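Novice: Make the full structure from the sequences, and use the hints.
As given, the protein sequences belong to chains A and B, one line each in that order.
Residue 89 in the numbering used here is what sits at position 89 of the first sequence, and the numbering runs on without skipping anything.
Residue 407 in the numbering used here is what sits at position 407 of the second sequence, and the numbering runs on without skipping anything.
Keep in mind that the hints were calculated from the coordinates and are not lab data.
In this text, all values refer to a predicted model and were calculated from it rather than measured experimentally.
Glycine included, C-beta positions come from ideal geometry on N, C-alpha and C.
Among the hints, erroneous ones may be present.
[As the list claims (entries may be wrong)] Calculated lysine-lysine pairs in the DSSO-like style (CA-CA distance at most 27 Å, straight line):
id, chain 1, residue 1, chain 2, residue 2
1, A, Lys-75, B, Lys-294
2, B, Lys-180, A, Lys-81
3, A, Lys-30, B, Lys-180
4, B, Lys-172, B, Lys-101
5, B, Lys-172, A, Lys-77
6, B, Lys-206, A, Lys-77
7, A, Lys-81, A, Lys-51
8, A, Lys-86, B, Lys-338
9, A, Lys-30, B, Lys-172
10, A, Lys-75, B, Lys-293
11, B, Lys-293, B, Lys-338
12, A, Lys-86, B, Lys-180
13, A, Lys-30, A, Lys-51
14, B, Lys-293, B, Lys-428
15, B, Lys-172, A, Lys-22
16, B, Lys-180, A, Lys-51
17, B, Lys-338, A, Lys-77
18, B, Lys-361, A, Lys-81
19, B, Lys-180, A, Lys-39
20, B, Lys-172, A, Lys-75
21, A, Lys-75, B, Lys-180
22, A, Lys-86, B, Lys-172
23, A, Lys-75, A, Lys-54
24, B, Lys-361, B, Lys-428
[What the hints assert, rightly or not] Which bits of chain A does chain B cover? Going by a derived footprint, with three or more residues having C-beta under 8 Å, they are:
id, region
25, 6-19
26, 24-38
27, 62-69
28, 81-91
Below are the chains, spelled out letter by letter.
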Amino acid sequence: MSIKVMEAPELLSLNKFNVNEKEAHIVINKEICAQCQDKPCLIVCPAALYKLDKNDIIFDYAGCLECGTCRVVCKNKGIIKWEYPKGTFGVNFRYG
Amino acid sequence: MSKDYAYDAIIIGAGPAGIACAYTLAKNGKSTLVIERGNTPGSKNVTGGRLYTYALDMVDEGLAAEAALERKVTHEQIIILDGNRSISIDYHDPSFNSECKSPQSYTILRAVFDEWFANKAVELGATVACGIKVDGLIEKNGQVVGVVAGEDNIYAGIVIAADGVNSLIAQKAGLISDIKPHAVGVGVKEVILLPSVTIESRFNLKKDEGASCLMLGCTEGIHGGGFLYTNRESISLGCVFVVDELAGHGRQVHDIFQELKMHPTIYPLIEGGETVEYGAHLVSEAGYREFPKKPYKDGLLVIGDSAGFVISTGYSLRGIDLAMVSGIAAARAIIAEKDPVRVGPVYMNELEKNLLMPTMKAVDGYYDILEIPRIYSSYPKLAAGLFEKLFTVDGKVPRSMKKEIRGLIKQNGLSAWQLIKDGFRGVKSI
Numbered sequence: 001m002s003i004k005v006m007e008a009p010e011l012l013s014l015n016k017f018n019v020n021e022k023e024a025h026i027v028i029n030k031e032i033c034a035q036c037q038d039k040p041c042l043i044v045c046p047a048a049l050y051k052l053d054k055n056d057i058i059f060d061y062a063g064c065l066e067c068g069t070c071r072v073v074c075k076n077k078g079i080i081k082w083e084y085p086k087g088t089f090g091v092n093f094r095y096g
Numbered sequence: 001m002s003k004d005y006a007y008d009a010i011i012i013g014a015g016p017a018g019i020a021c022a023y024t025l026a027k028n029g030k031s032t033l034v035i036e037r038g039n040t041p042g043s044k045n046v047t048g049g050r051l052y053t054y055a056l057d058m059v060d061e062g063l064a065a066e067a068a069l070e071r072k073v074t075h076e077q078i079i080i081l082d083g084n085r086s087i088s089i090d091y092h093d094p095s096f097n098s099e100c101k102s103p104q105s106y107t108i109l110r111a112v113f114d115e116w117f118a119n120k121a122v123e124l125g126a127t128v129a130c131g132i133k134v135d136g137l138i139e140k141n142g143q144v145v146g147v148v149a150g151e152d153n154i155y156a157g158i159v160i161a162a163d164g165v166n167s168l169i170a171q172k173a174g175l176i177s178d179i180k181p182h183a184v185g186v187g188v189k190e191v192i193l194l195p196s197v198t199i200e201s202r203f204n205l206k207k208d209e210g211a212s213c214l215m216l217g218c219t220e221g222i223h224g225g226g227f228l229y230t231n232r233e234s235i236s237l238g239c240v241f242v243v244d245e246l247a248g249h250g251r252q253v254h255d256i257f258q259e260l261k262m263h264p265t266i267y268p269l270i271e272g273g274e275t276v277e278y279g280a281h282l283v284s285e286a287g288y289r290e291f292p293k294k295p296y297k298d299g300l301l302v303i304g305d306s307a308g309f310v311i312s313t314g315y316s317l318r319g320i321d322l323a324m325v326s327g328i329a330a331a332r333a334i335i336a337e338k339d340p341v342r343v344g345p346v347y348m349n350e351l352e353k354n355l356l357m358p359t360m361k362a363v364d365g366y367y368d369i370l371e372i373p374r375i376y377s378s379y380p381k382l383a384a385g386l387f388e389k390l391f392t393v394d395g396k397v398p399r400s401m402k403k404e405i406r407g408l409i410k411q412n413g414l415s416a417w418q419l420i421k422d423g424f425r426g427v428k429s430i
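Specialist: Here it is, written out as structure tokens:
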């Protein structure tokens, strides 16, 4: 493989994740998010996990890098739960 | 050890701050438990990055010499980018790696280093429990007396929050407020594998020596910059963006970063390599001015990134060393003061004594320069334009440089007055 422009899913596919299928560590309230004008989460998430489907925000916690940027920009509090994943779950950086 | 609690100290987070603290406590006979949510120490951590070795030697003399580090930094580079153009500065100083003293700094990969460092604390008797997340603190009459982790309540004489920049523990304890989007940057990074001989020839390095490179003008005008560090057999390439400016920008983080990767100056450095990891992390940007009023309360101390011990001057970035120094300060305070209610002020005193607070204060002014928006777009353009004029020979009669400069200032939407004002601000701030 050589160096090339990569989209977020391809970048994330390089990482090792242990996804907690039973419990999402980040939960959003779609109704609050629909009211949010700026939707900064669409821009700032380095994993591009926040997406827009018509006016609805859809979010998949599986590829989360646990940086916390979405939590910092979420002024309208559409993110109703933001915790780190339970112990052993989530991203496992092998280099860091 | 008292009968009332299981440990003298519980440390939340096995990063450099937490482990420096645990190491010092364990060495002084304190029973210490470090709780880490990752499977191994470092598995949740991302750095640029480099470590200034003085801090490791402050933890224990000679520790730097045996540490799991990457390359000794002898080349300090700054690259100013504008479009496809670039200006590079390379300060090469072999004395940063002379035989009679520890190299000044090393490049570092955190998953490797943190695990090594944690094992050193374990050798001295500390317990490091991985794969366990601390959910909250246990308080009794306003004093922190332990932590809650899942079903377990674990009690200790003192608790130390070393859970990183996004410190939910320090926030829950009411010691720091919600992180402000202007006070943090989001950093993204790819680790790119390359053979060591390739790295050495591309960066003009001797074996084991390394380069650190900071880049300006690669953030689409957003407060931030790029970084590149040569590891033994990989390159860490990344970019940091201040979060509030990014939010209003419109282009996604990874997208802007991918462009840096493919820049004609950067691409040849990583060509043929293989990206093996993509990481992201928040980093404090505001330094001393956002430092919490009180990084402690009865029974709780806040250290490292959790307290905001990061320095960014634009030409150097420090965090891991400061984290360790703050961890040492906390440990010394705990050793000196038996009463958990009185240990906070002793910790503050130790931070003064080991020069961490004076250092934070001394470089606080740099933030005023870094807040000038022109640094991230107009000035790199101006500089690149100036070099273009200097180096272009086309057989025509050259215009006077004075005229060229005036033209460039105007062309980049600047004024001489603006330049003078920013110049004064720059001089005043450093």
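Novice: Now, for every hint given, state plainly whether the structure supports it.
Specialist: Quick rundown of the hints versus the structure:
With a CA separation close to 25 Å, the supplied pair Lys-75/A and Lys-294/B stays within the 27 Å bound. The suggested pairing of Lys-180/B with Lys-81/A holds, with an alpha-carbon distance near 18 Å, which does not exceed 27 Å. In summary, the hint linking Lys-30/A to Lys-180/B is supported, as the alpha carbons are separated by about 24 Å, within the 27 Å threshold. Taking the CA atoms of Lys-172/B and Lys-101/B, the gap is near 43 Å; set against the 27 Å cutoff, the hint is violated.
This hinted pair checks out: Lys-172/B and Lys-77/A have alpha carbons roughly 17 Å apart, not beyond 27 Å. Distance check on the hinted pair: Lys-206/B and Lys-77/A sit about 52 Å apart at the alpha-carbon level, beyond 27 Å; violated. Among the hinted pairs, Lys-81/A with Lys-51/A is consistent with the structure: their alpha-carbon atoms are about 18 Å apart, no more than 27 Å. Of the supplied pair hints, the one linking Lys-86/A and Lys-338/B is violated, its CA atoms being roughly 33 Å apart against a limit of 27 Å.
A C-alpha spacing of about 26 Å is found between Lys-30/A and Lys-172/B, which places the hinted pair at or below 27 Å, so the restraint holds. The suggested pairing of Lys-75/A with Lys-293/B holds, with an alpha-carbon distance near 24 Å, which does not exceed 27 Å. For the hint pairing Lys-293/B with Lys-338/B, the CA-to-CA distance comes to about 23 Å; that is within 27 Å, so the pair holds. The straight-line distance between the Cα atoms of Lys-86/A and Lys-180/B is roughly 25 Å, inside the 27 Å bound, and the hint therefore holds.
Note on Lys-30/A and Lys-51/A: the hinted pairing holds, with a Cα-Cα distance of about 12 Å set against a maximum of 27 Å. Under the criterion of a C-alpha separation no larger than 27 Å, the hint pairing Lys-293/B with Lys-428/B is consistent with the structure, at around 25 Å. For the proposed pair Lys-172/B and Lys-22/A, the alpha carbon gap of about 25 Å is at most 27 Å, so the pair holds. Taken as a hint, the Lys-180/B and Lys-51/A pair is honoured in the structure, with Cα atoms around 24 Å apart against an allowance of 27 Å.
A threshold of 27 Å between alpha carbons decides the hint, and for Lys-338/B with Lys-77/A the separation of about 42 Å lies outside it, so the pair is violated. About 36 Å separates the Cα atoms of Lys-361/B and Lys-81/A, which puts this hinted pair outside 27 Å; it is violated. Restraint check: the Cα-Cα separation between Lys-180/B and Lys-39/A comes to about 17 Å, which is no more than 27 Å; the hinted pair holds. At most 27 Å may separate the alpha-carbon atoms for a hinted pair to count; Lys-172/B and Lys-75/A meet this at roughly 19 Å.
Of the supplied pair hints, the one linking Lys-75/A and Lys-180/B holds, its CA atoms being roughly 10 Å apart against a limit of 27 Å. Taking the CA atoms of Lys-86/A and Lys-172/B, the gap is about 17 Å. The hint holds against a cut of 27 Å. Straight-line distance between C-alpha atoms of Lys-75/A and Lys-54/A comes to about 21 Å, which keeps the hinted pair within the 27 Å bound. Taking the CA atoms of Lys-361/B and Lys-428/B, the gap is near 15 Å; set against the 27 Å cutoff, the hint holds.
Residues of the region 6-19 of chain A with a Cβ under 8 Å from some Cβ of chain B number 8, which satisfies the need for three, so the listed coverage holds. Counting residues of the region 24-38 of chain A whose CB lies closer than 8 Å to any CB of chain B gives 1, so the stated coverage by that chain is violated, three being the minimum. Interface restraint, the region 62-69 of chain A with chain B: holds (5 residues with C-beta to C-beta distance below 8 Å; minimum three). Evaluation of the coverage hint for the region 81-91 of chain A: fulfilled, as 8 residues show C-beta separations to chain B shorter than 8 Å, against a requirement of three.
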